[in-house]
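Since the structure of chain A is already known, use the hints to place chain B with the ligands on it.
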Amino acid sequence: MSAGRVIPAGFFPATFMVTDMNKTRTSGRTIGGLRTLSLQAPAVSLLFLWMIVPLAMTVWFSLQRYNLLMPGMTGFAGLENYEYLFTDPALWSAMGTTLLMVGWVLVITVVGGTLLAVLFQQDFMGRGIARVLAISPFFVMPTVSALVWKNMMMHPANGVLSWVAESLGLPAVDWFSSLPLTSVIIIVAWQWLPFALLILLTAMQSLDEDQVEAARMDGAGPIAIFFFITLPHLKRAISVVIMIEMIFLLTIFAEIFVTTSGGPGLATTNLAYLIYIRALLDFDVGMASAGGVVAIILANIVAIFLVRMVAKNLES
Amino acid sequence: MATLELKQITKSFDDTHVIKGVDLEVNDREFVVFVGPSGCGKSTLMRMIAGLESATSGDILIDGARMNEVGPADRGLAMVFQSYALYPHMTVEDNMGFSMRLAGVSKDKRREKVLEAAKILQLEPLLDRKPKALSGGQRQRVAIGRAIVRNPSIFLFDEPLSNLDAALRVQMRIELARLHEELDATMIYVTHDQIEAMTMADKIVVLQSGEVEQVGSPMELYHHPRNRFVAGFIGSPKMNFIDVELVSSDAEGVTIKLPGGETRQVPIDGAAHASGGALELGVRPEHLVLDEQGPMEGRIQVLERLGGQTSLYVQMGDNLLTIMADGDVAYRVNDSVRFGFSSDRAHLFDADGLSLAKLHRHPLAGLRRQDNRAPSDTVDQ
Ligand SMILES: Nc1ncnc2c1ncn2[C@@H]1O[C@H](COP(=O)(O)OP(=O)(O)O)[C@@H](O)[C@H]1O
Ligand SMILES: [Mg+2]
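Chains A and B, in that order, are what the protein sequence lines are. Residues 1 to 316 in my numbering are what the first sequence spells out, letter by letter. Residues 317 to 697 in my numbering are what the second sequence spells out, letter by letter.
Calculated from the structure, these hints are not laboratory results. Given the structure is predicted, the values throughout are model-derived calculations rather than measurements. Backbone N, C-alpha and C fix where the C-beta goes; we use that ideal spot for every residue, glycine too. Warning: the hint list may mix true and false statements.
Unchecked claim - Calculated cross-link-like contacts (lysine to aspartate or glutamate; reagent style EDC-like; alpha-carbon spacing at most 20 Å):
hint	chain 1	residue 1	chain 2	residue 2
1	B	448	A	210
2	B	446	A	282
3	B	448	A	123
4	B	674	B	559
5	B	448	A	209
Claimed, not checked - Here are the computed distance ranges between Cβ atoms for each label pair:
hint	chain 1	residue 1	chain 2	residue 2	range
6	B	381	A	205	33 to 41 Å
7	B	326	A	305	33 to 41 Å
8	A	226	B	392	21 to 29 Å
9	B	324	A	224	31 to 39 Å
If we strip away everything but chain B, and leave its shape as in the complex, we get:
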């Protein structure tokens, strides 16, 4: 059992408020990802959980017990640093066994536990090497091994994959997910990469300048972003935003006027905006569809062919929109295209950047990661 709770956590360095009141609950065995742009305070938040930084105010509870005054070694946590932070003058084995050595564990016992962790991570042949003689991925695994050996109740990862090349990153991502299942541990993972967040998380916490923007499952954030920031941050390529006008709203949804003058109805609750006015339509690139009869028109500025897909960058008025189209579309740069959008995938944002609620919840929005597995897989759970 390992749960974590943050209550109104704040952190200030002198006069700069880096974390501005964060509330969060992490359940047992959950994989929670903190995601947000660089400098938004993800590392600071994690370091406060780890005990490396003290909270200016608020409570940190682990398994219900207040931990603010407990030192980093006694919280039962282990952290994997972005720079790996391996001890350069120690062998892999000594690196992994360092915490036990400090705790006065006998040499045989240490070796036994290190071997156990090394086996999980396929590090056995490397135990006598120094960190310098390892590749980036191997160092990463040693750093994880050092955490595993401590048998922590919660694992903390601070951007652990950002120093690896793209291929290795994908591989380590899969390995981390496997590790999460094998160890059955609670994990908190920091990243600025929304793909890592989407692929690994049970629960994503989106942060911006020290504040939580939204907490939810990956599919919930994708289909029901709370505001414009989350909508733009989650999903790749980024969501398109188009200025529209509200015409009318009823039980069926909101009718909006698009830049070309045509109107469309989208299944969104517009009761709060019955008076009309300017709104912003959000449509992801994969939900804009090329269509000769479409309501909008633009000129292709750039065309990126990826084989299976083609990204079209289309200028419409002041907006540069991204459209993900089929790999075989015959358009060329400077062609004029017409396009529409699937209305049940559309989002509307008010002048404050908040989302208007959708009329129907997306069926996958409540999906948990383990639900992706076929029922036969989960029998032994």
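Excised from the complex, chain A in its bound form:
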């Protein structure tokens, strides 16, 4: 993955823990008369420590009175931080924003990636170069791509989009103030579309050409082939794309930080950005940690469903 994707403490490993637990449940079995648990123990304990230490610290901080602006007020707070958090309208707004962002980016990247994969599978002049170009946005750092979009694409005065609108005789749009969430979604989708394309294109290449020809002989046109042959073939790859993207999309930060700073108001503040606001703008470590724990729980709920779905898909 490219550099600079910010992941809150304890968040990422915890998401994977669900997968780990599924595995360790079966690993106590004997394979060829050998108990494998002791052989796995070093690796599993290392991963466990890697996950549990930040997680435990986050949970501990979330139960403390810990605000850097008020050094005198320390001590055990119980569930006070959570109480404040859950009565804070910003939390619910941030959750909604997070889900909207994740949902729309997933829709755009999966649908767009599938269509592009089909397109790039066709034979045409310069296909190799076109593929590389289409995939390259993924290798641009999020901060950089957000800056490029902000200053060169969506700038109301000298951005490419307003130039296009102008030449069509339409009014220029001030993207980040009138359509803030849409703008962020567009930027993030632009970054993740190549990832979906890369995975799906690879999957496309394993599609048996004979199957397509058999379908042609059976009377299937391009659309029928897409829905009856290509799409079922891509099902697994699509579920993998959804799972991996979701893990990263839940933690979008740089794009928001660079473009809208979570605003206007809370319009583009997602959970990750809210935690940042609480921790580093309000200096309320306890409250930020509580937000982190909530994010972990949310990610795990999502992950449980996803892992189930993907595992089922991979088995069949």
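Below, chain B with the ligands alone, put in the same frame as chain A:
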């Protein structure tokens, strides 16, 4: 009724000419086999007939109508692929009914037709399975069933048995022959295996590097190969070739001088080669006979005992010859053997590899496959 005619068909991929002008007629209800070494263009030719590949030039006629511009689904053909090409996410029933589903046939009607085909192929218990849960032979049958359901005028098979093990291959071969009779359909079958061609075909088309070498019934190709390539390709083990010299030729045949110096007369028309010169004698392993008084001699290099038969690999000069002998011959490796050949089974080839015509046509050369049956079998035809 379903006939197929190819007129001067060619196919080029960029600069490589894969099919170089093929003419062919396939009659109604005929079982035609394209046979040739790998890469000779058999699949390409079949794919052009199917409409999956366009012909660079020439005409494809089905029942007399030009089909070059007609799409693969509308030619009334069905194809069985070497890889089976079953749709992995569909059940057997859905695989077989896919074409009807696309054509908008109602569910009940579809089920009825699928069941009908499944019955012919003994697939009824498997209809709810996915292809992954089937054995190779079962997948093969599903692929055939998918073709049958479409009720095509011509069936196309591209090496359908090459992914099966030997025993299953024999069984499927018999089943395909039975199917051909039951469905009374025209079938075109591609294979590189000359045994499949010999056992199933009414008519064999031998191909080499994109050109037709010979078209004929299996027995015609065996007894009257047009050239050295066909002679070597048809028949197993391969025909032996021995350099000989033409001594004289008259109405009784050609007299040739064998490597040992002895002469023999063979019933072949040598009029075109009256001036004499080098020829090549072709004798199949089963027509070389061990004989103390035989005209040729060689040393046994390898000896393969198959029980009923023994294959002797005999070095004679530069040639390694194969002799099929009785299972009980007492020879051992490195023994020297003398042998001769049955002269009316011998072939002669000129310097260009073309056969010299035989004086007598073999009585079975015109045999059709249905002639193998006793007359009582054919009453209901
Ligand atoms: N799409 C293609 N592009 C270029 N060459 C091809 C293509 N398809 C087949 N060929 C070439 O045509 C020749 C014949 O191929 P094919 O018909 O598959 O042979 P066969 O089925 O007899 O083994 C081969 O040399 C192959 O490399
Ligand atoms: Mg082939």
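Hint by hint, here is what the structure shows:
1. B:448 / A:210: Given pair residue 448 of chain B, residue 210 of chain A holds - Cα atoms ~16 Å apart, limit 20 Å.
2. B:446 / A:282: 59 Å, violated
3. B:448 / A:123: Not satisfied, since the Cα-Cα distance of roughly 30 Å exceeds 20 Å.
4. B:674 / B:559: Between residue 674 of chain B and residue 559 of chain B the Cα gap is close to 18 Å, so the pair holds against 20 Å.
5. B:448 / A:209: Roughly 18 Å between the alpha carbons, so the hint for residue 448 of chain B and residue 209 of chain A holds.
6. B:381 / A:205: 33 to 41 Å: 38 Å, holds
7. B:326 / A:305: 33 to 41 Å: 58 Å, violated
8. A:226 / B:392: 21 to 29 Å: 25 Å, holds
9. B:324 / A:224: 31 to 39 Å: Given a distance of about 34 Å, which is inside 31 to 39 Å, the answer is holds.
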